[in-house]
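K.L.:
These are the residues of each chain, in order.
Number of protein chains: 2
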Amino acid sequence: MAGLALDIDPRLRVNWRASLSLVGTVIKYLSVPLLLPLLTGVYYGEGIVPFVATIAAVLVVGFGLERLDPDPDLGAREGLLMVALTWLAVGMAGTLPYLIAGTGTVASPVNALFESMSGFTTTGATVLADIGTEHHDHSILLWRQLTQWLGGMGIVVLAVAILPELSVGGAQLMDAEAPGPGIEKLTPRIRTTARVLWLAYLGFTVLEFVLLYGLYHAGFADNMHFYNAISHALTTLPTGGFSPEARSIEAFSAAAQWVIIPFMVVAGTNFALFWKALRGDWTVFGRDSEFRFYAGVLAVLTALVAGLLYSGQGIAQTPGIAPIVGEVEDSVRQALFQVVAIVTTTGYASMDFNTWSVPAKYALLFAMFIGGSAGSTGGGIKIIRWLVIIKSIKRELFSTVHPEAVKPVRLGGRALDEDALRGIHAFTLLYIFLFFFGTLLVLTTSWLGGYEIALLDGLSATASSIGNVGPGFGAVGPMGNYLDFPVIPKLLLIFLMWVGRLEILPVFVLLTSAYWRS
Amino acid sequence: MAGLALDIDPRLRVNWRASLSLVGTVIKYLSVPLLLPLLTGVYYGEGIVPFVATIAAVLVVGFGLERLDPDPDLGAREGLLMVALTWLAVGMAGTLPYLIAGTGTVASPVNALFESMSGFTTTGATVLADIGTEHHDHSILLWRQLTQWLGGMGIVVLAVAILPELSVGGAQLMDAEAPGPGIEKLTPRIRTTARVLWLAYLGFTVLEFVLLYGLYHAGFADNMHFYNAISHALTTLPTGGFSPEARSIEAFSAAAQWVIIPFMVVAGTNFALFWKALRGDWTVFGRDSEFRFYAGVLAVLTALVAGLLYSGQGIAQTPGIAPIVGEVEDSVRQALFQVVAIVTTTGYASMDFNTWSVPAKYALLFAMFIGGSAGSTGGGIKIIRWLVIIKSIKRELFSTVHPEAVKPVRLGGRALDEDALRGIHAFTLLYIFLFFFGTLLVLTTSWLGGYEIALLDGLSATASSIGNVGPGFGAVGPMGNYLDFPVIPKLLLIFLMWVGRLEILPVFVLLTSAYWRS
Ligand SMILES: [K+]
Ligand SMILES: [K+]
Chain A
28 MAGLALDIDP RLRVNWRASL SLVGTVIKYL SVPLLLPLLT GVYYGEGIVP FVATIAAVLV
88 VGFGLERLDP DPDLGAREGL LMVALTWLAV GMAGTLPYLI AGTGTVASPV NALFESMSGF
148 TTTGATVLAD IGTEHHDHSI LLWRQLTQWL GGMGIVVLAV AILPELSVGG AQLMDAEAPG
208 PGIEKLTPRI RTTARVLWLA YLGFTVLEFV LLYGLYHAGF ADNMHFYNAI SHALTTLPTG
268 GFSPEARSIE AFSAAAQWVI IPFMVVAGTN FALFWKALRG DWTVFGRDSE FRFYAGVLAV
328 LTALVAGLLY SGQGIAQTPG IAPIVGEVED SVRQALFQVV AIVTTTGYAS MDFNTWSVPA
388 KYALLFAMFI GGSAGSTGGG IKIIRWLVII KSIKRELFST VHPEAVKPVR LGGRALDEDA
448 LRGIHAFTLL YIFLFFFGTL LVLTTSWLGG YEIALLDGLS ATASSIGNVG PGFGAVGPMG
508 NYLDFPVIPK LLLIFLMWVG RLEILPVFVL LTSAYWRS
Chain B
28 MAGLALDIDP RLRVNWRASL SLVGTVIKYL SVPLLLPLLT GVYYGEGIVP FVATIAAVLV
88 VGFGLERLDP DPDLGAREGL LMVALTWLAV GMAGTLPYLI AGTGTVASPV NALFESMSGF
148 TTTGATVLAD IGTEHHDHSI LLWRQLTQWL GGMGIVVLAV AILPELSVGG AQLMDAEAPG
208 PGIEKLTPRI RTTARVLWLA YLGFTVLEFV LLYGLYHAGF ADNMHFYNAI SHALTTLPTG
268 GFSPEARSIE AFSAAAQWVI IPFMVVAGTN FALFWKALRG DWTVFGRDSE FRFYAGVLAV
328 LTALVAGLLY SGQGIAQTPG IAPIVGEVED SVRQALFQVV AIVTTTGYAS MDFNTWSVPA
388 KYALLFAMFI GGSAGSTGGG IKIIRWLVII KSIKRELFST VHPEAVKPVR LGGRALDEDA
448 LRGIHAFTLL YIFLFFFGTL LVLTTSWLGG YEIALLDGLS ATASSIGNVG PGFGAVGPMG
508 NYLDFPVIPK LLLIFLMWVG RLEILPVFVL LTSAYWRS
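Just so you know, the sequences run in chain order A and B. The letter at position 100 of the first sequence is residue 127 when you use the numbering used here, and the numbering goes up by one with no holes. The letter at position 358 of the second sequence is residue 385 when you use the numbering used here, and the numbering goes up by one with no holes.
I should point out that these hints are in silico values taken from the structure, not numbers from a laboratory. There is no bait here: all hints are sound.
Same chains, same label: a pair holds when it works inside one copy or across any pair of copies.
Once the Cα atoms are required to be at most 16 Å apart in a straight line, the calculated EDC-like pairs of lysine to aspartate or glutamate come out as:
no.: 1; residue 1: K55; residue 2: D96
no.: 2; residue 1: K434; residue 2: D446
no.: 3; residue 1: K434; residue 2: E445
no.: 4; residue 1: K418; residue 2: D444
no.: 5; residue 1: K55; residue 2: E93
If you're wondering where the values come from, they're calculated on a predicted model, not measured in any experiment.
Only chain A is shown next, with the shape it has when bound in the complex (with noise of 0.2 Å):
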């Protein structure tokens, strides 16, 4: 392709319609998952028009996107517009069951569009005021979790299996073993790749159920039925964080809670990782410098956290409601658990975090940018890219002594491509700049639009929306919702849930004119 002279040849115009006939693809798709949600609603005999009708309907637009190009060859344009595209395709889908239900908050549709995004994104922010299945039947409730499962399988294949191909952002840095010649056909190996990845999210998730329903059963944990203990299961391994529970995993007991930890350090975790693992070569996590910072940051998050909450200077604004001050296992499990929750962007809340003092809330708010492994259904900036900053800035401060001497950034041993490292510090600064200028136009409008948010609560909004993590401070808080923003910044915080998921430069990408013009 480099060879050719670009203004002459036709593939490099954008193909759209070959982008749109596999969106249908996709979309149609998801025909499939849709039968668990109805199966759901046939066992609780609860109503499945909801169900009945959205598998009609994607079933509809699917097909007839298709036939907008029956043979679509896919390059690198027409990829990332399908991406683009796909995320919003779907989650557009995924309003017609809270429509069609009509109960709660979510029956409007820029609600209902909202927590579709906000499922497939797994970002977990909500604006259903009121939650349970005492609210909502079980089958839309389920449809809720798995809208973050399906979304976070996507985005396992997708940052393994296709952004690589595209070359987008710092998918470079994965060093997945099927480096393949283009997406235009799916070569095999990609199709080996994503089917392992599959199955090893699969099998966590299943594990997962498994144990929180074994908890059930041995009297460890009094709710966590079958129905709580798949919901859960299914929203752990995205990093997604929805809960058909009102308090989130408050409700759960320790035992529980001890539980989820470990799938949501796994969940943020680099997939390529136990795919190595699982072939046998089990020293792949001391020897991934990723994995090792990622361990790193969780252990002395949660070392400075859990000292603030058993000192008793972890609890500000409520001094009634602070048994855990002085309990060991209290305080180091609401610290853990809420540290993993939040650098994983998983989101979850084993506690009302509002609740803590300035300097242990600023620390769950730092940790947002922190984000999950590359390769990981984790949101944020990552990991990876942050360890490439820290030694990119060592670089720059040696070449300032020795300005003659050329000295790459190594990562695992290997010296990193100039451009890709171009590419990370773009990005991470286009991200900040993003959540800068976000937090504006959000409390601005929503100021203009009658909702007096502080000032935290907005900056938190916009951070977790970017980040995918779901729950902020204040009125956003774990406890919270999204119910009371106006229509323009809840569309400003679903455009950033939608771009901090798909890594912001296949969005920005289709902003520019370089990418229509031949």
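Fit chain B with the ligands to the supplied structure of chain A, relying on the hints for placement.
P.N.:
Using the frame of chain A, we list chain B with the ligands on its own:
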């Protein structure tokens, strides 16, 4: 130098004696400006012991340090060490008048160091509980103003004449016309540049004094008498922000505020532009892309804030004191003054912007990260870096579509060196990382020290210190002070002012082993 083997060339080891000798020279010359507060003390019949003693001390220490190396030969490493140590040494020397005078909260060592470093770094954050000539000698408050003027002049010389020689940070961007061969011997050309810039700096200061004092005589500014006119002229050009009035610029008439605004704008402009303009080419402002961007940022943020203030969406907490709602001149002046004061990092206040609504306040917090132009006295990340970052993100998006294309980032018609670009990325990321991490340390050490500062107050104190702005929000707002911080966070904030003023790298380089070895 490049051709020599690094580990055998003795010139590449740090000659700290040479650095300290030149620090001594700077310290010694502090005795000259110290005559100004001394004469002020004589005029007002106040005690002159603080200044006589300080003059004696700086002469003894200065000459003493100079004797370490009577003929200092300065290489790049010695230059870095000298720059970093000079600001520290001058900051320490500046504490003596406060400590000897012994009036007010600035009479203790850590507070004196805070006030002195805040002065010389042109930050303008204060630990004075009571400001005003009824609480302190005129001479002491004049010394406080003078530290900023000296620090501002120092940074102009540093940015234009010395840092480019050391190839530090974004200094390569300065298209000063005198890129000499090295600072071992200051070339006549650099001396010329420095002298012209000093004259421009002095000229603007005198002009502002004349205009302010003229307003007083013309009856347009009641309290802008001789002492106040000179005091504010001394802290505008360095983007300092100290005022001998407790209410900052709110204490003065609208006319005085309108006079101060353009001088703040000048202070945030690249001084090299004035040099060129004074030599006849006034079109240089329109042709300079940084100046255009600077003007655009000021215009957009002012329009946003003025709209919020005018519409009544701007004032939140104390509706009773909102006389500017619906007042065009008032709304525009307050918005313009405050946006200019924060973007340029001057930090003056024309009203207590703590009373503003959340979006208006956030606009100022956002503005703290923008900063002045390269080659100005302003702090922050600086306009030129944002401009380069935006261009490099655009280039990154372009190369996602055209990976085979080689497209340099252009600035002012010239292709920017990739190394300079990399340095700008690394600087900006380090700056933001220091802000995030510094806030964590400031909040944690404050709370552990018993000072329960709010999150926004802590965030803004850190952003304001590293950006050399001065005020923040809440307790550290424009009508508040930094007195209540415990010792450790105070020292942290002093550190942030210091590294912020020197654009981080000269200090951080000293922390690497590569700097000290061979
Ligand atoms: K999440
Ligand atoms: K300042």
